[in-house]
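Number of protein chains: 2
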Amino acid sequence: MSQRALSVSRMTGNRSTFADWYQAVVREADMAEPSPVRGAMVIKPWGYGVWEEMQRDLDRRIKETGHQNAYFPLFIPLSFIAKEAEHVEGFAKEMAVVTHHRLKNIDGKLVPDPEARLEEPYIVRPTSETIIGDAFSRWIKSHRDLPVLLNQWANVVRWEMRPRLFLRTTEFLWQEGHTAHASEKEAVEETMRMLEVYRAFAEDTLAMPVISGEKPANERFPGAVATYSIEAMMQDGKALQAGTSHYLGTHFAEAQNIRFQNDAGELAYCHTTSWGLSTRMVGGVIMTHGDDDGLRLPPAVAPRQVVIVPMLRDKPEDAQVLEFADGLAQALRGQRCFDERLRVLVDTRGQKSADKRWNWVRRGAPIIVEIGARDAASGTVTFMRRDVLRDGDKVKSHALPRDEFVAKVPAMLVEMQQGLFDAAKKRTVANIRSDITSWDALVEYFGAVGDDENSEFKGWVRAPWARPEGAELEAIDQRLKTLKLTLRNAPADQPKSVGPCLFTGKPGVEEVLISRAY
Amino acid sequence: MSQRALSVSRMTGNRSTFADWYQAVVREADMAEPSPVRGAMVIKPWGYGVWEEMQRDLDRRIKETGHQNAYFPLFIPLSFIAKEAEHVEGFAKEMAVVTHHRLKNIDGKLVPDPEARLEEPYIVRPTSETIIGDAFSRWIKSHRDLPVLLNQWANVVRWEMRPRLFLRTTEFLWQEGHTAHASEKEAVEETMRMLEVYRAFAEDTLAMPVISGEKPANERFPGAVATYSIEAMMQDGKALQAGTSHYLGTHFAEAQNIRFQNDAGELAYCHTTSWGLSTRMVGGVIMTHGDDDGLRLPPAVAPRQVVIVPMLRDKPEDAQVLEFADGLAQALRGQRCFDERLRVLVDTRGQKSADKRWNWVRRGAPIIVEIGARDAASGTVTFMRRDVLRDGDKVKSHALPRDEFVAKVPAMLVEMQQGLFDAAKKRTVANIRSDITSWDALVEYFGAVGDDENSEFKGWVRAPWARPEGAELEAIDQRLKTLKLTLRNAPADQPKSVGPCLFTGKPGVEEVLISRAY
Chain P
1 MSQRALSVSR
11 MTGNRSTFAD
21 WYQAVVREAD
31 MAEPSPVRGA
41 MVIKPWGYGV
51 WEEMQRDLDR
61 RIKETGHQNA
71 YFPLFIPLSF
81 IAKEAEHVEG
91 FAKEMAVVTH
101 HRLKNIDGKL
111 VPDPEARLEE
121 PYIVRPTSET
131 IIGDAFSRWI
141 KSHRDLPVLL
151 NQWANVVRWE
161 MRPRLFLRTT
171 EFLWQEGHTA
181 HASEKEAVEE
191 TMRMLEVYRA
201 FAEDTLAMPV
211 ISGEKPANER
221 FPGAVATYSI
231 EAMMQDGKAL
241 QAGTSHYLGT
251 HFAEAQNIRF
261 QNDAGELAYC
271 HTTSWGLSTR
281 MVGGVIMTHG
291 DDDGLRLPPA
301 VAPRQVVIVP
311 MLRDKPEDAQ
321 VLEFADGLAQ
331 ALRGQRCFDE
341 RLRVLVDTRG
351 QKSADKRWNW
361 VRRGAPIIVE
371 IGARDAASGT
381 VTFMRRDVLR
391 DGDKVKSHAL
401 PRDEFVAKVP
411 AMLVEMQQGL
421 FDAAKKRTVA
431 NIRSDITSWD
441 ALVEYFGAVG
451 DDENSEFKGW
461 VRAPWARPEG
471 AELEAIDQRL
481 KTLKLTLRNA
491 PADQPKSVGP
501 CLFTGKPGVE
511 EVLISRAY
Chain U
1 MSQRALSVSR
11 MTGNRSTFAD
21 WYQAVVREAD
31 MAEPSPVRGA
41 MVIKPWGYGV
51 WEEMQRDLDR
61 RIKETGHQNA
71 YFPLFIPLSF
81 IAKEAEHVEG
91 FAKEMAVVTH
101 HRLKNIDGKL
111 VPDPEARLEE
121 PYIVRPTSET
131 IIGDAFSRWI
141 KSHRDLPVLL
151 NQWANVVRWE
161 MRPRLFLRTT
171 EFLWQEGHTA
181 HASEKEAVEE
191 TMRMLEVYRA
201 FAEDTLAMPV
211 ISGEKPANER
221 FPGAVATYSI
231 EAMMQDGKAL
241 QAGTSHYLGT
251 HFAEAQNIRF
261 QNDAGELAYC
271 HTTSWGLSTR
281 MVGGVIMTHG
291 DDDGLRLPPA
301 VAPRQVVIVP
311 MLRDKPEDAQ
321 VLEFADGLAQ
331 ALRGQRCFDE
341 RLRVLVDTRG
351 QKSADKRWNW
361 VRRGAPIIVE
371 IGARDAASGT
381 VTFMRRDVLR
391 DGDKVKSHAL
401 PRDEFVAKVP
411 AMLVEMQQGL
421 FDAAKKRTVA
431 NIRSDITSWD
441 ALVEYFGAVG
451 DDENSEFKGW
461 VRAPWARPEG
471 AELEAIDQRL
481 KTLKLTLRNA
491 PADQPKSVGP
501 CLFTGKPGVE
511 EVLISRAY
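So the sequence lines, in the order shown, correspond to chains P and U.
Each residue of the first sequence is one higher than the one before, counting from 1 in our numbering.
Each residue of the second sequence is one higher than the one before, counting from 1 in our numbering.
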């Protein structure tokens, strides 16, 4: 079989094909689909299963760093949102507004009941700083109440005019951490701690290499003093902002009167932080690990790590095949990997086994086993590894005696997880250019104004800059826009000295990442 | 110490006190609090922790019965809701309506942007039959696609004019199962299977005895053919509907064109079901197990099953006390109970240890350990059991050698779980009267029209009835309302023959439960 499981290849060298390929994987791997609600998606069981595995792992990391989960209202009174000026400015254009609390049949048509208009409209939360800050202002009285370390798993809504499944949707799922501290030092430490939690989660659990760093001023969260991100390179060379952590200073504390009595008995404003990671990460996993046969899931977040397809033929041997398959599944479930029991499925759906096999290839199940009558009789397990599916164009099949297979699966999954990370890391490192140090060279490399969607694969440029803010930064941002480029972050890991600023020729103060982005 | 941890007692024999007591427990146990959003609550970490334990256990039961989780949009186009006539009739009066997707600053005031008015308003989901039914209509083509067995964990909104924390809130969290089947038989089986899952969850995990049965026609879910519930008796004798499972017939399938090609090649409508259980259950746990010292949590859903309070005095011995406490916690975490590792906390907050002890009593942590310097030196563990906190008025303290304590904790927690269930079961059984068989006797027992809030404790009445529908049922419902009573359900477990109908004197067909209710 040399035909690929998808009809679209990701790698013909231009981005429109990559976008088609992405859509094909999301569809063919049964991850999600558009819904009748503008910009919102339906997350199908296999896609949601990946999110559940992500949640479980990240939730553990969040709790291990001392945070507790809580839940705050979906609705935010309009006046709350308006309290922090930059915050409302940043979100006002994409807010869903609730104005009525009842429907009424008027002249045979169901409409919002004019008599049930809200005095103050509610916003469907785009993020929860203001509604959680309100609770903080009630809960925090003394330094003994600090730090407050909370996290919330929730849905949020930001109206999206150009939606893309998982990457940009009007409604998405995420966790948002919100903390309050007695000092800037503690709050900044918290901000960096959670950035590191995101890095470790992305790299160790999603096998997705990222670069941690601080966003330039124009890319800060509305209302933040500093915003940090992890950025990941997708297979088309674009950057995906994959998680952000914000030091909010006392901006929100001042807007909402979050104060505490310090050691000296004086009232002082809290320093707050927030940090979030969303279902966008599912899109990141697809664009990091997918290939022309569909999705390849890192075993740590695969809802099923081993899928067993019994090849049934409506013949008496079927019973033996099923018995062998079930026994194998049982034995595998007794094994552990990544600190959890193996997740194993016997796929007994009433379809052709070849169709089922290719369905699991497209879905990216790490190990796919096919059991026929001969396998059952001889006690052999024939399987495919999704990470190295083919030898040249041919699908590669492996065979092992049953007990040996059962014993080897955990190590095989760990090896796959590492292999996916290594390949992505190698690709990322190989595609960050540090030798482009002037604006002209940048223009030459990325090509001048043109149709970004059809431009060839380019990676990132890492270059020195003077870290300007205000009008000067705005001017740089505008120049970059003509190349469809953006500033991603200034990596935490910086050289001792840097050359002159790529944009202005002034003395550089740090290196910054420049690239096209999602 | 003979003083109780709460200032309000639940059992002075009238309901206004019980309501005050409930509010006091919710507040003093740090479970939840009202929010600035009308009718919506903030679920605090301890309350949310209980919900997380419930979720984990119920999610496992839902998956073990073959369901998968997925996620559907929060917003529902108004036209979808309007498709099923009874459905929209049932929910129209309590719907939050989104009418705009942007705010705008007009004359210095932030308002919904008139130019961003939605052509078709969206409803914030009060339940998801219609938006999920729409997906079903796209996904289901053939009998080979059936059954579809999905579940969703989500927030829902039903506008609430008289909110009560956990019991009735404008926004609440729940799971909603939605399934589609080829036949009535299979769909009814599914409906009953999930009712049984709820019963087992309530009784085994929440130690909350319930009675499963079918709701009378007037209490059906809007659009359902049949609605089943589990009903639990609270300590004030009122009933709490604690979970419902609906057989929807082909009503929603017809409204949304959910059809499949059957074996014979003909198009047929699917039979669908839905079933849900919400954060209301947290309120049920409080009203089932709480006492005058606060909450008592069933160990299976206690976020912390053992809390260790080191008694620190800012003296050199503190180090030894802390070391002993941490070592004990480590040893306990090596133990398992209810198929999970023990959940243990060492409470090192900077407060007086007596305050911390009482805080954990009010929160209902099953086992509370206090470690002083003498305990650490002698290797003794001094502890309180929250299920049997007192001997008469005095708080009862136990002491065991460390290793013996560690070994005994799992069995102790199992015993507590069973003890809480047994006590609640005994109370429930003892307070269902079967000897009230006429309307006059019912009036005499519950008292005529009066202030329900101040009436004495009454349990439930189980009586024969003729199971009328339509106008006759409506008349009975109105009569019951004069006594502030409702029909709860007709228990699944019925005697072989029943006497005449309590309401009409006609031949009875089954027994039904009558009570006041939340």
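Bear in mind the hints are in silico, worked out from the structure with no lab data behind them.
Computed from a prediction, not measured in an experiment: that's the story for all the values here.
All C-beta atoms in this analysis are idealised placements derived from N, C-alpha and C, irrespective of residue type, glycine included.
Mixed in with the good hints there might be a few duds.
[Stated by the list, open to error] A few chain P residues that face chain U, going by a derived Cβ cut-off under 10 Å, partial list only:
| hint | residue |
| --- | --- |
| 1 | H100 |
| 2 | D113 |
| 3 | E171 |
| 4 | R349 |
| 5 | S353 |
| 6 | A354 |
| 7 | A373 |
[Claimed, not checked] Listed below are the simulated PhoX-like cross-link pairs for lysine-lysine, each with C-alpha atoms no more than 20 Å apart in a straight line:
| hint | chain 1 | residue 1 | chain 2 | residue 2 |
| --- | --- | --- | --- | --- |
| 8 | U | K506 | P | K93 |
| 9 | P | K141 | U | K141 |
| 10 | U | K93 | P | K104 |
| 11 | P | K93 | U | K104 |
| 12 | P | K352 | U | K63 |
| 13 | U | K356 | P | K83 |
| 14 | U | K104 | P | K83 |
| 15 | U | K93 | P | K109 |
| 16 | P | K356 | U | K141 |
| 17 | U | K408 | U | K356 |
| 18 | P | K104 | U | K352 |
| 19 | P | K109 | U | K83 |
| 20 | U | K356 | P | K141 |
| 21 | P | K481 | P | K458 |
| 22 | U | K458 | U | K425 |
[As the list claims (entries may be wrong)] In silico negatives: residues of chain P with every beta carbon more than 12 Å from chain U:
| hint | residue |
| --- | --- |
| 23 | S7 |
| 24 | R38 |
| 25 | I131 |
| 26 | D134 |
| 27 | R158 |
| 28 | V225 |
| 29 | R313 |
| 30 | S434 |
| 31 | W439 |
_Beyond 12 Å from every chain U Cβ - status for R38(P)_ = The claim breaks: R38(P) does not keep its Cβ more than 12 Å from every Cβ of chain U (closest is about 9 Å).
*Would you mind confirming whether the straight-line C-alpha gap from K458(U) to K425(U) stays at or under 20 Å?*
Within the cut-off at roughly 16 Å; holds.
_Would the hint linking K408(U) and K356(U) be met if the CA-CA limit is 20 Å?_
violated, 24 Å
*Under the criterion of a CB-CB separation shorter than 10 Å, is A373(P) in contact with chain U as hinted?*
violated, 24 Å
*Is K93(P) within 20 Å of K104(U), Cα to Cα?*
holds, 8 Å
*Hinted pair K104(P) and K352(U), Cα distance within 20 Å*: violated, 56 Å
*Given the hint that K109(P) pairs with K83(U), does the C-alpha gap stay at or below 20 Å?*
holds, 12 Å
*With a cut-off of 20 Å on the C-alpha distance, tell me whether K104(U) and K83(P) pass.*
With a Cα-Cα distance of about 15 Å, the restraint between K104(U) and K83(P) holds, given a limit of 20 Å.
*asked:* Holds or violated: K352(P) and K63(U), Cα atoms, limit 20 Å.
replied: violated, 25 Å
*May I ask you to test the interface hint for A354(P) with respect to chain U, counting a Cβ-Cβ separation under 10 Å as satisfied?*
This interface hint is violated because 16 Å lies over the 10 Å limit.
*For the pair supplied as a hint, K356(P) and K141(U), confirm whether the alpha-carbon distance does not exceed 20 Å.*
holds, 18 Å
*Regarding the assertion that I131(P) does not contact chain U, is the least Cβ-Cβ distance greater than 12 Å?*
I131(P) is in fact no farther than 12 Å from some Cβ atom of chain U, at 7 Å.
Of the numbered hints stated above, those contradicted by the structure are hints 5, 6, 7, 8, 9, 12, 13, 17, 18, 24, 25, 26, 27, listed in ascending order.
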